Amino acid sequence: MDKLMEFLPFMLEGAVVTVELFVLTLVISLPLGLPIALGSNSRIKPLSILCKIYVWIFRGTPLLLQLFFFYFFFPLVLNIQMNAFVTAVLTYVLNYAAYFAEIYRGGINSIDRGQYEAAHALGLSKRQTTTDIILPQTMKAILPPVVNEAITLVKDTALASSIPVIELMKATNSAVNRTTDMTPFFFAAIIYLIMTFVLTVVAGKLERHFSRYDAKGEW
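Positions in the sequence shown are counted from 1; adding 15 to them yields this note's numbering.
In short, the hints are calculated from the structure, not lab data.
Model, not experiment: these values are computed from the prediction.
From the three backbone atoms N, C-alpha and C, an ideal C-beta is built for every residue, glycine too.
Be careful, since some hints might not be right.
Unchecked claim - Across the chosen pairs, the derived CB separations fall in these ranges:
hint	residue 1	residue 2	range
1	P24	R58	50 to 58 angstroms
2	Q143	F87	43 to 51 angstroms
3	P159	T195	41 to 49 angstroms
4	F89	L139	42 to 50 angstroms
5	V34	M97	16 to 24 angstroms
6	H135	M97	40 to 48 angstroms
7	E132	V42	33 to 41 angstroms
8	H135	I72	31 to 39 angstroms
9	T211	R58	35 to 43 angstroms
10	L221	N124	15 to 23 angstroms
11	P50	V101	19 to 27 angstroms
12	I64	T194	50 to 58 angstroms
Stated by the list, open to error - Under the rule of at most 25 angstroms between Cα atoms (straight-line distance), these lysine-lysine pairs were calculated in the DSS-like manner:
hint	residue 1	residue 2
13	K155	K220
14	K155	K141
15	K141	K60
16	K170	K185
17	K141	K67
18	K170	K220
19	K67	K155
Generate the whole structure from the sequences, applying the supplied hints.
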């Protein structure tokens, strides 16, 4: 037990890295996914094709493979040196932006065409229609899948242990190897469950907030 207490602070440091990776990925990829979604729906063909290819590549290849690609590609081919944590953040952002883009696109496409026609009849511009009418209703529709992706992201942070990022999973493995005790896995599971529980609570509050938004776009 003394050995476990000795490695618990190390595991908590790894948990902090996990939280940092999660927060940075979510904060950057959530807004990044929106222009990609709008680009995919654009009538400008080159832009639409480019955005769809981006989504296809990052959703069609494993996140682990993408981590290896960016970690080894930049130093060997482009001669750009990045530490492992920055590489992980970049990879996770690009990967999750593609998933969020598809969620946004599905939400936008689910809005009835009558909403656009009504906005056009009222003389609203495309920008006003998108920002004032379509996006607020889209947010309510996409919230559940976004929350599911966020919970998946919490668990996917463990893949960063495949490169030299000392996050929770790598710290836990190190503690298990040195103590020859499986108990650190139990502690790690509790930490992951706490993180997903917090996300679930926040998601519930957001759902109640957006449920006040009716089909007419009025509070």
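The hints, checked one at a time:
1. P24 - R58: 50 to 58 angstroms: holds (56 angstroms)
2. Q143 - F87: 43 to 51 angstroms: Because 46 angstroms falls inside the window, the suggested range holds.
3. P159 - T195: 41 to 49 angstroms: Once the Cβ atoms are compared, 42 angstroms apart, the range 41 to 49 angstroms for T195 and P159 holds.
4. F89 - L139: 42 to 50 angstroms: About 44 angstroms separates the Cβ atoms of F89 and L139, which means 42 to 50 angstroms holds.
5. V34 - M97: 16 to 24 angstroms: holds (21 angstroms)
6. H135 - M97: 40 to 48 angstroms: Hint holds: Cβ distance 47 angstroms, inside 40 to 48 angstroms.
7. E132 - V42: 33 to 41 angstroms: holds (35 angstroms)
8. H135 - I72: 31 to 39 angstroms: holds (35 angstroms)
9. T211 - R58: 35 to 43 angstroms: Holds - the Cβ-Cβ distance for T211 and R58, about 40 angstroms, lies within 35 to 43 angstroms.
10. L221 - N124: 15 to 23 angstroms: holds (22 angstroms)
11. P50 - V101: 19 to 27 angstroms: holds (23 angstroms)
12. I64 - T194: 50 to 58 angstroms: The hint (50 to 58 angstroms, Cβ to Cβ) holds, given that I64 and T194 are roughly 53 angstroms apart.
13. K155 - K220: holds (12 angstroms)
14. K155 - K141: holds (20 angstroms)
15. K141 - K60: Since the Cα atoms of K141 and K60 sit roughly 18 angstroms apart, the hinted pair holds (cutoff 25 angstroms).
16. K170 - K185: holds (13 angstroms)
17. K141 - K67: With Cα atoms ~22 angstroms apart, K141 and K67 stay inside 25 angstroms; holds.
18. K170 - K220: The hint holds at about 22 angstroms.
19. K67 - K155: holds (24 angstroms)
Violated hints are absent here; each numbered hint is respected by the structure.
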